[in-house]
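Chemist: With these hints in hand, go ahead and build the complete structure from the sequences.
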Amino acid sequence: MQPTSTSNTNVNICVIGSDNVKDAISGKLMTHAVTLFPGGHSFNEDTAIQRLAGDKLCPLDGKPIERHAPNYMVRQIAATAELRPLESSREVYIERLINLLRELQIQENPTLKKMVELGDKIHALSPLSIPSLYGAIAHLHFPDRDGDVAEQVRSLDQIYRIESNLSVEEKVSCIFQRLFNLADSYSPLEGTPKNSKDFTLSNYSSYLLNISRLWLWGHLPEGKEYLNQAKIKALPLKIKGELLAQWIKEHDKNIICLYLDIPLRILEEPSLDLQLEITILPPEIGQLSQLERLFICHRQLTALSAEIGQLSQLEQLNLSWNQLASLPAEIGQLSQLKQLDLSRNHLAFLPAEIGQLSQLPSLDLSDNRLTVLPAEIGQLTKLEKLDLRRNQLTALPAEIGRLSQLEHLDLSWNQLASLPAEIGQLSQLTRLWLSDNQLTALPAEIGQLSRLLWLVLVNNQLTTLPSEFGQLGELRQLYLSQNRLTSLPITIGKLYCLQKLYLDNNQLATIPATIGQLSELYKLYLHNNRLTSLPKALGQLHQLRVLYAGDNKLTTVPKSILQLANLFCFVDV
Numbered sequence: 052m053q054p055t056s057t058s059n060t061n062v063n064i065c066v067i068g069s070d071n072v073k074d075a076i077s078g079k080l081m082t083h084a085v086t087l088f089p090g091g092h093s094f095n096e097d098t099a100i101q102r103l104a105g106d107k108l109c110p111l112d113g114k115p116i117e118r119h120a121p122n123y124m125v126r127q128i129a130a131t132a133e134l135r136p137l138e139s140s141r142e143v144y145i146e147r148l149i150n151l152l153r154e155l156q157i158q159e160n161p162t163l164k165k166m167v168e169l170g171d172k173i174h175a176l177s178p179l180s181i182p183s184l185y186g187a188i189a190h191l192h193f194p195d196r197d198g199d200v201a202e203q204v205r206s207l208d209q210i211y212r213i214e215s216n217l218s219v220e221e222k223v224s225c226i227f228q229r230l231f232n233l234a235d236s237y238s239p240l241e242g243t244p245k246n247s248k249d250f251t252l253s254n255y256s257s258y259l260l261n262i263s264r265l266w267l268w269g270h271l272p273e274g275k276e277y278l279n280q281a282k283i284k285a286l287p288l289k290i291k292g293e294l295l296a297q298w299i300k301e302h303d304k305n306i307i308c309l310y311l312d313i314p315l316r317i318l319e320e321p322s323l324d325l326q327l328e329i330t331i332l333p334p335e336i337g338q339l340s341q342l343e344r345l346f347i348c349h350r351q352l353t354a355l356s357a358e359i360g361q362l363s364q365l366e367q368l369n370l371s372w373n374q375l376a377s378l379p380a381e382i383g384q385l386s387q388l389k390q391l392d393l394s395r396n397h398l399a400f401l402p403a404e405i406g407q408l409s410q411l412p413s414l415d416l417s418d419n420r421l422t423v424l425p426a427e428i429g430q431l432t433k434l435e436k437l438d439l440r441r442n443q444l445t446a447l448p449a450e451i452g453r454l455s456q457l458e459h460l461d462l463s464w465n466q467l468a469s470l471p472a473e474i475g476q477l478s479q480l481t482r483l484w485l486s487d488n489q490l491t492a493l494p495a496e497i498g499q500l501s502r503l504l505w506l507v508l509v510n511n512q513l514t515t516l517p518s519e520f521g522q523l524g525e526l527r528q529l530y531l532s533q534n535r536l537t538s539l540p541i542t543i544g545k546l547y548c549l550q551k552l553y554l555d556n557n558q559l560a561t562i563p564a565t566i567g568q569l570s571e572l573y574k575l576y577l578h579n580n581r582l583t584s585l586p587k588a589l590g591q592l593h594q595l596r597v598l599y600a601g602d603n604k605l606t607t608v609p610k611s612i613l614q615l616a617n618l619f620c621f622v623d624v
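Using the numbering used here, read the sequence shown as starting at 52 and increasing by one per residue.
Hints are not guaranteed to be accurate.
Claimed, not checked - 30 Å max Cα-Cα, derived BS3-like pairs, lysine-lysine: (1) K604 x K551; (2) K610 x K551; (3) K587 x K610; (4) K300 x K284; (5) K574 x K551; (6) K587 x K604; (7) K291 x K248; (8) K587 x K545; (9) K300 x K282; (10) K574 x K610; (11) K289 x K304; (12) K436 x K389; (13) K304 x K291; (14) K304 x K282; (15) K436 x K545; (16) K304 x K275; (17) K275 x K300; (18) K275 x K291; (19) K604 x K545; (20) K282 x K389; (21) K284 x K304; (22) K289 x K275; (23) K574 x K604; (24) K304 x K248; (25) K551 x K436.
Source of the hints: derived by calculation from the structure; they are not laboratory data.
Modeler: Okay, structure coming up:
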């Protein structure tokens with residue numbers, strides 16, 4: 052029976068099939084497939100790959116395969132084919148597949164061995180060009196940055212410290228030489244290839260994976276000592292890398308903490324560390340079953356493997372200062388996580404599975420590229436601290452109001468034009484940062500934040516404040532500088548606990564007399580407004596120490612202000 056037609060003319064799939072392949076062989080191949088690709092993998096039955104494979108098309112020649120039953124798939128290629136079916140050249144997928152087919156188990160099966168031979172012929176007829184290879188390497192590291200080739204190139208150049216003015220050929224040569232140098236440092240007796248004919252995607256993937264294995268191994272307790280044994284040193288890189296899984300099985304119970312940060316001295320002098328180019332974690336990371344704390348900061352990680360979800364005992368995960376553009380769905384399996392720091396990465400979105408971290412109290416997502424938050428963020432009901440500063444958020448989901456235990460929320464340096472009314476449901480909130488957004492108004496529900504101590508609204512576009520502001524009876528510090536306020540509600544006088552009030556750089560023409568009721572106030576900033584006078588009621592602020600009122604249109608100053616005993620800094624010009 053002929054296969055049904057499909058719109059995907061490039062059959063971008065990685066499926067090995069034969070009517071006489073036994074489950075035992077398939078299982079071994081599946082295991083090897085997972086380790087061959089560094090981006091992170093799991094198995095998914097419900098993808099376009101499954102549907103294409105169901106059409107019984109051979110991934111190498113596109114011809115029908117009778118009685119073909121696909122039995123495994125590699126997640127990275129599956130996702131690529133489903134979401135970006137025409138983006139990568141067919142040669143890229145062929146090369147990855149050929150690399151997989153070279154596993155020894157395949158040679159035992161005549162049908163699969165024949166497929167290898169066919170693949171060799173195809174690959175020989177259509178070798179991957181240097182520009183295509185450069186793009187494939189970039190895409191391997193940054194599969195979620197589609198359409199932004201320039202960004203991929205910049206990031207790749209940063210990882211390998213390549214000068215941007217080099218030609219593509221020179222960049223590829225530089226990348227491979229650095230990779231080969233790293234390989235030499237881990238396996239000095241092997242004799243790493245140096246010729247341009249060895250510049251292939253399969254070589255790149257293989258070297259990168261095994262270097263990452265040995266890099267991780269060297270950071271594990273007793274790992275460096277084991278690798279320094281003469282009999283181990285003499286092994287080829289690939290064989291040595293494949294020993295890691297068995298070694299971890301024998302030692303993982305002793306590994307509770309793993310700190311893979313770069314020391315400060317290395318950051319100040321990068322030439323001291325050849326290993327800065329480590330961009331992936333090998334899948335064996337998931338075997339560290341007793342790991343409770345994992346810190347990998349100031350590295351160049353571009354992706355997390357799905358196996359990260361196997362760290363069932365993990366309580367602290369710090370991946371700050373890397374180049375992560377996405378997170379695997381398996382991140383949601385870290386059910387014991389108490390602290391997750393993903394700051395200073397390149398995350399543009401979060402997987403819905405983030406909501407499964409139901410025990411998480413602290414989440415740092417600052418300095419990323421988030422434009423939206425998934426509704427599932429509201430499922431983090433144990434969250435106490437959420438840092439989202441310096442992202443590109445334009446709105447918040449209503450589900451944010453479900454974070455009933457949240458105490459600190461930092462949303463500064465985003466692009467928020469409004470806040471949902473549900474913000475008022477954050478009954479435990481004590482500190483709220485909203486500076487450097489595009490807020491033009493605040494919802495009345497903000498007055499429900501009865502425990503709020505700090506409120507920072509600097510550099511927005513506010514023209515008025517809701518009268519409900521006066522309900523923030525516990526507020527200690529209020530920052531409203533650099534807005535467009537023309538007036539203040541009289542209810543501001545109900546902020547009886549207020550100690551610092553910043554109203555500078557607005558368009559205020561008057562100050563309500565009720566400000567004199569702020570008996571705890573000791574700092575007041577009113578400079579650069581349109582004030583022509585100050586209320587006499589300011590003379591009732593007996594705790595006032597600092598008053599800035601310069602750059603206004605004041606003609607006189609009430610004597611009651613000048614008589615304040617604690618006032619030692621008064622500027623009115």
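Chemist: With reference to the structure, classify each hint as holding or not holding.
Modeler: Results for each hint:
1. K604 x K551: OK: K604 and K551 at ~23 Å, within 30 Å.
2. K610 x K551: Given that 30 Å is the threshold and the Cα spacing comes to 22 Å, the pair holds.
3. K587 x K610: Cα-Cα ~8 Å, so holds.
4. K300 x K284: Within the cut-off at roughly 21 Å; holds.
5. K574 x K551: holds, 5 Å
6. K587 x K604: Status holds; Cα separation ~16 Å.
7. K291 x K248: holds, 24 Å
8. K587 x K545: Measuring from Cα to Cα gives roughly 18 Å; hence the hint holds.
9. K300 x K282: Given that 30 Å is the threshold and the Cα spacing comes to 20 Å, the pair holds.
10. K574 x K610: holds, 19 Å
11. K289 x K304: holds, 25 Å
12. K436 x K389: The given pair, whose Cα atoms are some 11 Å apart, holds under the 30 Å limit.
13. K304 x K291: holds, 22 Å
14. K304 x K282: It holds: about 25 Å lies between the C-alpha atoms, which stays within 30 Å.
15. K436 x K545: With a Cα-Cα distance of about 28 Å, the restraint between K436 and K545 holds, given a limit of 30 Å.
16. K304 x K275: holds, 17 Å
17. K275 x K300: holds, 16 Å
18. K275 x K291: holds, 13 Å
19. K604 x K545: holds, 27 Å
20. K282 x K389: violated, 42 Å
21. K284 x K304: holds, 25 Å
22. K289 x K275: Measuring from Cα to Cα gives roughly 17 Å; hence the hint holds.
23. K574 x K604: Cα-Cα ~21 Å, so holds.
24. K304 x K248: With a Cα-Cα distance of about 43 Å, the restraint between K304 and K248 is violated, given a limit of 30 Å.
25. K551 x K436: holds, 23 Å
Hint compliance for this structure: hints 20 and 24 are not met, and every other hint is.
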